[in-house]
Amino acid sequence: MEGALRRRIPRRAILHNMHRDPGSFLGFGIVAGVILVAALAPLLPLHDPTHLDLQNRLLSPSFEFPLGTDHLGRDELSRLIFGARTTLLMSAASLAIIMTLASTVGSLSGYYGGWLDTVLMMVVDLMLAFPSLILGVAVAGILGPSLINVMIAVSVVWWASHARVIRGMVLSARNKEYVEGARAIGASDGRIVVYHISRNIVGPLVVLVTLDMGWIILGIAGLSFLGLGAQPPTPEWGAMLNDSRSYMQTSPILLLAPGSAIFLLVLGFNLMGDGIRDILDPTTYR
Amino acid sequence: MTLPLLLLGISIISFMLLNFAPGDAAEITLMRQNGGVAPSPQEVVELRQELGLNDPLPIRYGRWVSNAVRGDLGESYRSGDSIANELLRRLPATLLLAATALALAVAAGIPLGVLAAVNRGTWLDTSCRLLALVGAAVPSYVMAPVLMLFFAVKLGWLPAVGYGSPKNLLLPALALSFGTMAQLMRLTRASVLDVLGQDYIRTARAKGLSERSVVWGHGLKSALLPVVTVLGTSTGFLLGGAVIIESIFGWPGVGQFVIQGISQRDYPVVQGFVLYMAVAFLLINLAVDVSYRWLDPRLHFGGKFN
Chain E
24 MEGALRRRIP RRAILHNMHR DPGSFLGFGI VAGVILVAAL APLLPLHDPT
74 HLDLQNRLLS PSFEFPLGTD HLGRDELSRL IFGARTTLLM SAASLAIIMT
124 LASTVGSLSG YYGGWLDTVL MMVVDLMLAF PSLILGVAVA GILGPSLINV
174 MIAVSVVWWA SHARVIRGMV LSARNKEYVE GARAIGASDG RIVVYHISRN
224 IVGPLVVLVT LDMGWIILGI AGLSFLGLGA QPPTPEWGAM LNDSRSYMQT
274 SPILLLAPGS AIFLLVLGFN LMGDGIRDIL DPTTYR
Chain D
123 MTLPLLLLGI SIISFMLLNF APGDAAEITL MRQNGGVAPS PQEVVELRQE
173 LGLNDPLPIR YGRWVSNAVR GDLGESYRSG DSIANELLRR LPATLLLAAT
223 ALALAVAAGI PLGVLAAVNR GTWLDTSCRL LALVGAAVPS YVMAPVLMLF
273 FAVKLGWLPA VGYGSPKNLL LPALALSFGT MAQLMRLTRA SVLDVLGQDY
323 IRTARAKGLS ERSVVWGHGL KSALLPVVTV LGTSTGFLLG GAVIIESIFG
373 WPGVGQFVIQ GISQRDYPVV QGFVLYMAVA FLLINLAVDV SYRWLDPRLH
423 FGGKFN
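Residue numbers (the working numbering), protein chains in the order written: chain E, 24 to 309; chain D, 123 to 428.
If you're looking for bench data, these hints aren't it; they were derived computationally from the structure. Worth double-checking, as some hints may not be accurate.
[As the list claims (entries may be wrong)] Computed list of chain D residues with no C-beta within reach of chain E, every gap over 12 Å:
id, residue
1, N156
2, S287
3, L347
[What the hints assert, rightly or not] To give a feel for the contact side, a few chain E residues facing chain D, derived at Cβ under 8 Å:
id, residue
4, A55
5, I58
6, A61
7, L63
8, P154
9, L166
10, I276
11, V289
The beta-carbon is built from N, C-alpha and C at its ideal position, and this holds for glycine as well.
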């Protein structure tokens, strides 16, 4: 069904609809803007985000420090922009881990069925039986505070629901003519899954990924907020937010800046995801 | 998946968590008893033997689970106190916070969702949709310090931290409930719009019922079905969010306990916490399933009429 859907809605219609829907257009703009600024960060005329200057702690915004300085005298704007790199890279890496894990489990489960399917789906059910944030906090907490461990924790928590969705897609693709055709000319199971089925489910997967980016960003920033993620001096929004709490009375901007950054980026991904979903969902397709 | 299997799985995962933790339980316990002095290797070997840490994994799991069932989750590495006692002592505070947040989210989210659906396309609907977008993008750990900044630091209306009075409860519960409120509102709106297009609503209108009676009387009950389904998930989400909120507001619940445990590398605390929360989540979802059957009598017949 998904394959047919993709063929029925030409790419031009997606752009056209996106244009008509200001929300998703805005979302796309926010995401593209943040990615652009983050990518260009080393080229921008910014202070070193990790340079300590205790003479200049907690300065108010000025021409030199547009968002002021933090409790260690570091330029807040620079930390915010370099923090976007941390957030985006970590979210993208987590997403890659999640999708690899979910596609492997989902494909094995959906393609082979039988006892393998039963066992794998039991594991998936089990993972979903844990409240996500609680498992995330526990895994990150036990592995010890680091960026890598936060990515592992987020992946452990999130792969299961995607594995189930991918299983469903593979299951419905398995009996299509093109799979039968591939099998008839002697393609191996691995080849069928990797070359034939995956190409047909990649579209819906992209939607799934966009819809999920917001949640992953919130999860990573939340764990960093608890001190489990980015370690000093790495600039990261959740950690910056946590640092700012002791100074909220005198320097509220240190709280509002990373808070707004998280809000804006998540909003951007959510709007983009909503827009793409509306376009791909025939019931709302105009 | 059946309940006993899930319980078994949850216990295995909780048990395995401690196996991934760095450090040796015997060594850490001895360190505590010696007042921070590193124990001799001989002592460590002896205690490992005594605690049965050298036994094969399944035997250790069996021992751990039989203790856990009897309410013994072991002792804290740091204080030597019973973890189960501490969790039980703190659980009411966490449940109070999560339940208040859920109540706030339901009390605001569902009526707003209905209003938005009934007034579809008006400014009211638009504002509700905006609120839903903001609610999905502002996490509780951003909401909490912002609320604290305005209502406690700037205006001084409510205390920033503390526990004990309803005033203390308001800010953390608000911060925690915001995202869930937005989600419930969005879902209610979609669900009500869906229901209002049904034939029996047209019938109710045709026989001359007032619009209020059509919406709140006939429409709402069936519109609430999908909303009730997500209440279980929402509760899990709120329990998880409570961990962060508690550490911000100094709320003496299980979340604060586990964050302390993590920072002190007190891993059995983390293990016990995961086990308790997962079991609580399981029971809540069970309760939601039961109430769902009560709301939708068709399910009594094993879905025969669906």
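>> Take the shortest C-beta to C-beta distance between A55/E and chain D; is it under 8 Å?
In response: Constraint on A55/E not satisfied, violated at 17 Å.
> Does P154/E meet its interface restraint, that is, does its C-beta lie within less than 8 Å of any C-beta in chain D?
Replying inline: 3 Å, holds
> Is it the case that S287/D keeps its Cβ farther than 12 Å from each residue Cβ in chain E?
Replying inline: 22 Å, holds
> Can the hint on A61/E be confirmed by a CB-to-CB distance to chain D that is less than 8 Å?
Replying inline: Constraint on A61/E not satisfied, violated at 18 Å.
> Can we keep the L166/E interface hint, with Cβ of chain D closer than 8 Å?
Replying inline: 7 Å, holds
>> Holds or violated: the hint that I58/E contacts chain D, with Cβ atoms closer than 8 Å.
In response: With a closest approach of 17 Å, the I58/E hint is violated.
> Was the hint right that I276/E lines chain D, CB cutoff 8 Å?
Replying inline: This interface hint is violated because 11 Å lies over the 8 Å limit.
> Given V289/E as an interface hint, is the shortest Cβ-Cβ distance to chain D below 8 Å?
Replying inline: 4 Å, holds
> Is it correct that the beta-carbon of N156/D has no partner in chain E closer than or equal to 12 Å?
Replying inline: 24 Å, holds
> Do the numbers back the hint for L63/E, that is, is its least Cβ distance to chain D under 8 Å?
Replying inline: 24 Å, violated
> Any Cβ of chain E at or closer than 12 Å to L347/D, or is the non-interface label fine?
Replying inline: Consistent with the label, L347/D stays out of reach of chain E, its closest Cβ about 19 Å off (over 12 Å).
Checked against the numbered hints above, the structure breaks hints 4, 5, 6, 7 and 10 and satisfies the rest.
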